[in-house]
Amino acid sequence: NAGVTQTPKFRVLKTGQSMTLLCAQDMNHEYMYWYRQDPGMGLRLIHYSVGEGTTAKGEVPDGYNVSRLKKQNFLLGLESAAPSQTSVYFCASSPPGLAASYEQYFGPGTRLTVT
Amino acid sequence: SQQGEEDPQALSIQEGENATMNCSYKTSINNLQWYRQNSGRGLVHLILIRSNEREKHSGRLRVTLDTSKKSSSLLITASRAADTASYFCATMDTGRRALTFGSGTRLQVQP
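Going down the list, the sequences are from chains A and B. If you read the first sequence in my numbering, its first letter stands for residue 9, the second for the next number, and so on. If you read the second sequence in my numbering, its first letter stands for residue 0, the second for the next number, and so on.
One or more of the hints may lead you astray.
[Said to hold, decoys possible] Some, not all, of what chain B presents toward chain A, calculated at C-beta under 8 Å:
#  : residue
1  : Leu10
2  : Gln13
3  : Arg40
4  : Leu42
5  : Ile48
6  : Asn51
7  : Phe87
8  : Met91
9  : Gly94
10 : Ala97
11 : Phe100
12 : Ser102
13 : Gln107
14 : Pro110
Think of the hints as simulated: they come from the structure by calculation, not from any bench. The beta carbon of each residue, even a glycine, is placed where N, CA and C say it ideally should be.
Construct all of the structure, not just a fragment, from the sequences and the given hints.
And the structure:
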């Protein structure tokens with residue numbers, strides 16, 4: 009199993025440009041999450057999904073959109089990038105059910121710089 | 000806002016010593032988790048403690064939870080240079096399956 013993968017690993021954007029970050033997981037997990045991590049800080053939740061076709065806002069959703077058209081994929085979109093969105097973006101997934109572990113499995117991250 | 004605040008922000012110890020990190024949080028929780036992040040990498044789950052548990056062990060890790068004080072601690076015994084990383088606590092609220100992370104403790108273990 010590859011676990012959680014993220015594409016791309018690095019990207020540099022100019023202010024106003026758009027891009028999509030792709031997260032894929034092969035563990036048949038129901039829950040998927042997008043976080044951002046700024047220097048010296050913990051992760052902050054952007055959006056998450058509790059299943060295919062559903063999304064919900066997290067702590068810092070402004071300026072981002074998401075889609076979960078397939079269970080294994082969770083896309084994060086920036087419609088008009090701003091320098092404040094310079095960050096490292098992490099995707100995570102977790103299995104369903106109350107009896108299952110609540111732990112999250114993380115991807116390696118995407119380092120995004122907006123100039 | 001960050002739910003969990005960790006203390007200390009940075010810790011430097013010698014190999015073989017124990018490392019203790021503390022985490023405080025603000026709201027009612029379902030569980031509290033600890034994650035490790037090596038430099039430039041994603042987070043790796045270490046241990047989970049549920050709100051009705053007070054202590055949990057996993058190998059060289061010991062986690063305690065005091066819900067009355069809304070605090071937790073992570074103890075790493077007999078530390079190794081390979082334990083050098085940032086450690087984050089994360090809380091899961093009773094209402095949803097999303098985590099809220101603390102700001103982390105950077106641990107440096109000197110060989």
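Do the hints match the structure? See the list:
1. A hinted interface residue such as Leu10 of chain B counts as satisfied when its beta carbon comes closer than 8 Å to some beta carbon of chain A; here the least separation is about 15 Å, so the hint is violated.
2. Given the 8 Å rule on beta carbons, the hint for Gln13 of chain B is violated: about 25 Å separates it from the nearest Cβ of chain A.
3. Residue-level restraint check for Arg40 of chain B holds (minimum Cβ-Cβ distance to chain A is 6 Å; threshold 8 Å).
4. Annotation: Leu42 of chain B was flagged as interfacial toward chain A, and the flag holds, the nearest CB pair being 5 Å apart, inside 8 Å.
5. At a threshold of 8 Å, the smallest CB-CB gap from Ile48 of chain B to chain A is about 11 Å, leaving the interface hint violated.
6. Here the hint on Asn51 of chain B is broken, as its CB sits about 14 Å from the closest CB of chain A, past 8 Å.
7. Interface hint status for Phe87 of chain B: upheld, as the beta-carbon distance to the closest one in chain A is roughly 5 Å, under 8 Å.
8. Among the interface hints, the one on Met91 of chain B holds; its C-beta lies about 6 Å from the nearest C-beta in chain A, closer than the 8 Å criterion.
9. Evaluation of the Gly94 of chain B hint against chain A yields a violated restraint, the C-beta minimum of about 12 Å exceeding 8 Å.
10. The interface hint given for Ala97 of chain B holds, since its Cβ lies 5 Å from the closest Cβ of chain A, which is under the 8 Å cut-off.
11. Hint status for Phe100 of chain B: holds, given a least beta-carbon distance of 4 Å to chain A, under 8 Å.
12. Taking 8 Å as the C-beta contact cut-off toward chain A, the hint placing Ser102 of chain B at the interface holds, the least distance being around 5 Å.
13. Evaluation of the Gln107 of chain B hint against chain A yields a violated restraint, the C-beta minimum of about 15 Å exceeding 8 Å.
14. Checking Pro110 of chain B against chain A by beta carbon gives a least distance of about 25 Å; that is not within 8 Å, so the hint is violated.
In the structure shown, a violation is registered for the earlier hints numbered 1, 2, 5, 6, 9, 13, 14, in ascending order.
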